[in-house]
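S.K.: With these hints in hand, go ahead and build the complete structure from the sequences.
There are 2 protein chains.
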Amino acid sequence: MKIDGIPYRTIWLADDASVAIIDQTRLPHEFVIAHMTSVAEAVYAIKTMQVRGAPLIGAMAAYGVALAIRADASDAALDAAIAVLAASRPTAINLAWALKVMDGVLRPLPPDQRADAAFARAAQLCDEDASTNRRIGEQGVAIIREHAPRKVGGVINILTHCNAGWLATVDWGTALAPIYIAHDEGLPVHVWVDETRPRNQGAALTAYELGAHGVPHTVIADNAGGHLMQHGQVDLCIVGADRVAANGDAANKIGTYLKALAAYDNGVPFFVAAPHSTIDWQLNDGGAIPIEERDAREVTHITGRTETGAIATVQVTAPGSAAANPAFDVTPARLISGLITERGVCSASANALTALFPGSTPPQ
Amino acid sequence: MKIDGIPYRTIWLADDASVAIIDQTRLPHEFVIAHMTSVAEAVYAIKTMQVRGAPLIGAMAAYGVALAIRADASDAALDAAIAVLAASRPTAINLAWALKVMDGVLRPLPPDQRADAAFARAAQLCDEDASTNRRIGEQGVAIIREHAPRKVGGVINILTHCNAGWLATVDWGTALAPIYIAHDEGLPVHVWVDETRPRNQGAALTAYELGAHGVPHTVIADNAGGHLMQHGQVDLCIVGADRVAANGDAANKIGTYLKALAAYDNGVPFFVAAPHSTIDWQLNDGGAIPIEERDAREVTHITGRTETGAIATVQVTAPGSAAANPAFDVTPARLISGLITERGVCSASANALTALFPGSTPPQ
Numbered sequence: 102m103k104i105d106g107i108p109y110r111t112i113w114l115a116d117d118a119s120v121a122i123i124d125q126t127r128l129p130h131e132f133v134i135a136h137m138t139s140v141a142e143a144v145y146a147i148k149t150m151q152v153r154g155a156p157l158i159g160a161m162a163a164y165g166v167a168l169a170i171r172a173d174a175s176d177a178a179l180d181a182a183i184a185v186l187a188a189s190r191p192t193a194i195n196l197a198w199a200l201k202v203m204d205g206v207l208r209p210l211p212p213d214q215r216a217d218a219a220f221a222r223a224a225q226l227c228d229e230d231a232s233t234n235r236r237i238g239e240q241g242v243a244i245i246r247e248h249a250p251r252k253v254g255g256v257i258n259i260l261t262h263c264n265a266g267w268l269a270t271v272d273w274g275t276a277l278a279p280i281y282i283a284h285d286e287g288l289p290v291h292v293w294v295d296e297t298r299p300r301n302q303g304a305a306l307t308a309y310e311l312g313a314h315g316v317p318h319t320v321i322a323d324n325a326g327g328h329l330m331q332h333g334q335v336d337l338c339i340v341g342a343d344r345v346a347a348n349g350d351a352a353n354k355i356g357t358y359l360k361a362l363a364a365y366d367n368g369v370p371f372f373v374a375a376p377h378s379t380i381d382w383q384l385n386d387g388g389a390i391p392i393e394e395r396d397a398r399e400v401t402h403i404t405g406r407t408e409t410g411a412i413a414t415v416q417v418t419a420p421g422s423a424a425a426n427p428a429f430d431v432t433p434a435r436l437i438s439g440l441i442t443e444r445g446v447c448s449a450s451a452n453a454l455t456a457l458f459p460g461s462t463p464p465q
Numbered sequence: 102m103k104i105d106g107i108p109y110r111t112i113w114l115a116d117d118a119s120v121a122i123i124d125q126t127r128l129p130h131e132f133v134i135a136h137m138t139s140v141a142e143a144v145y146a147i148k149t150m151q152v153r154g155a156p157l158i159g160a161m162a163a164y165g166v167a168l169a170i171r172a173d174a175s176d177a178a179l180d181a182a183i184a185v186l187a188a189s190r191p192t193a194i195n196l197a198w199a200l201k202v203m204d205g206v207l208r209p210l211p212p213d214q215r216a217d218a219a220f221a222r223a224a225q226l227c228d229e230d231a232s233t234n235r236r237i238g239e240q241g242v243a244i245i246r247e248h249a250p251r252k253v254g255g256v257i258n259i260l261t262h263c264n265a266g267w268l269a270t271v272d273w274g275t276a277l278a279p280i281y282i283a284h285d286e287g288l289p290v291h292v293w294v295d296e297t298r299p300r301n302q303g304a305a306l307t308a309y310e311l312g313a314h315g316v317p318h319t320v321i322a323d324n325a326g327g328h329l330m331q332h333g334q335v336d337l338c339i340v341g342a343d344r345v346a347a348n349g350d351a352a353n354k355i356g357t358y359l360k361a362l363a364a365y366d367n368g369v370p371f372f373v374a375a376p377h378s379t380i381d382w383q384l385n386d387g388g389a390i391p392i393e394e395r396d397a398r399e400v401t402h403i404t405g406r407t408e409t410g411a412i413a414t415v416q417v418t419a420p421g422s423a424a425a426n427p428a429f430d431v432t433p434a435r436l437i438s439g440l441i442t443e444r445g446v447c448s449a450s451a452n453a454l455t456a457l458f459p460g461s462t463p464p465q
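Just so you know, the sequences run in chain order A and B.
The first sequence begins at 102 in this note's numbering and counts up by one.
The second sequence begins at 102 in this note's numbering and counts up by one.
Source of the hints: derived by calculation from the structure; they are not laboratory data.
Just so we're clear, the structure is a prediction, and the values are computed from it rather than from any experiment.
Only true hints are included.
Some chain B residues close to chain A (C-beta under 7 Å, calculated; not the full set):
no.	residue
1	I403
2	R406
3	S422
4	A425
In this text, a Cβ means the ideal position worked out from N, Cα and C, and glycines have one as well.
M.R.: Given below as structure tokens:
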């Protein structure tokens, strides 16, 4: 998608054969491109959330393997790279999936052919992600379109949580892909953007990318969505997912569950948009999805821009008070109106998922 | 309650006959006492939330009338003071209630007797609030005590939203009063403190006052409570209220509804603690409670303390993005396990409220 009229992806191979990313820890106040030249830098980028979002983490991991193999193409180096990348974030299944893809391609090859193959496969994985997300958008826009006839003269209000836009993927996004297509088609969409504490991915990233593309939106505190739904100000919710269990339970950014409860209580459709690589066929339900506990400092301190334009970090909690920071929660399938995948929209159930993805084997 | 071992109330008549308050916009990083000498200053204190919390707003309004009457004891001045104070915050019913009390006392008196009577009634209203809240605590501690036998060797985890502690009242608090008494009795309580965006009253005020009193607590993002409830880490929820309708629907800080939904979904008891002055017998249900829309800047900007100790305000949203800021939501009575009042605990229903408060006439 575009920033100031220039088309970007979130990750690409730069001219100097380093891997370039948009440093998302600097958004929305600074647009900075960072360059990765080693697997250690790739791990650092994932851990510090310079790149984040399940699909983009997968893409970064694939390039991380490529960077490792370029330095040392041995089996031992491949094993080490996969191990350190796999441990960089625990919740997103795309990370493990991308590493599995890379391992499958590289291990059978003689070491001297591995580097070229690794960069080629990583680039292909990025292209596939952009293409998959575009298809998610095409599937999901039909849901938005259904609301248009009831909204003559008004806007279609869509609530989203966290950032599942193009910045969370290689391009297009998952939850936001249908919204971009709807907007480009001329449907009068307006997005309620949950700020998404503690890291404010909504206020910082979703608001930034929607604004850059010209999509009308309003940032709200995470607390506000229930009230808006009670008052008919939300027509539907679309969120992304970090992992979807075989029964349709979906792990996503902490607080997603609360919005799903409110949507259910108010009869507002609640959709989860995710590519097939997000589905963990090994898990019967969401109870076994590991939930990352992140640094308490993400709760106690907030970074933003002062009036003078400087970037500053302030403590907002009472001095001495402890904080806890679970990063994800699991929304039970019973609260989900449907899953928007690149292959179609289906109900959040084992039967529907199996029907859409026959075989239900672990994705390769 | 105490700060650094010194007992305080949130509002008191100072030696120079000004009305002293703890400036809550400066907490938790600075402890500053402000002095009000006019009704305009009282209105400013309420509007800018130097004082906040429904009971404390009522107390400030009562003293605001006294300050006005000291300057001009005419009926016209009384009318003007009541009008400007009534308009200072729309949601808390205690404000209207306190003004009605003051009007009832002052209007029958000859002007030259009004100032003394006004200060006396305001002081009495403060004493009554402290005493009422102490009784709410005594009623509510029984609910906490019920959890103790199941928690041998463990802690009783109580989640609260916003600040309904002593800082929200004249003393003791509403939702936190039972917790202070439980803690003082030696019950092993631990409080999950919702940070309560956008104004962070939980992170700043609830955490501050619990810490000052020595009550174990942990600050969490507002998004986290549902996840904690799903995992059995919350034994009960206690929140305050800004207005309770005759059927038990309760308006409280934005986001309360989401926690009530999660509590209901997970079988966690959810209690609303409020004095009788919070009950609006004129409203059959919560649908008619006016919900204040506050400045968008409360969402887009956050104030805190930098590493050097300076107080700074930073913008956290993407530049140019709009924000909306509804300040309260209404939790339907069906999601509330019970109301903790100074007269007893009752179910959130018209019948139970009428039984506890026979007559159900507007409070005087």
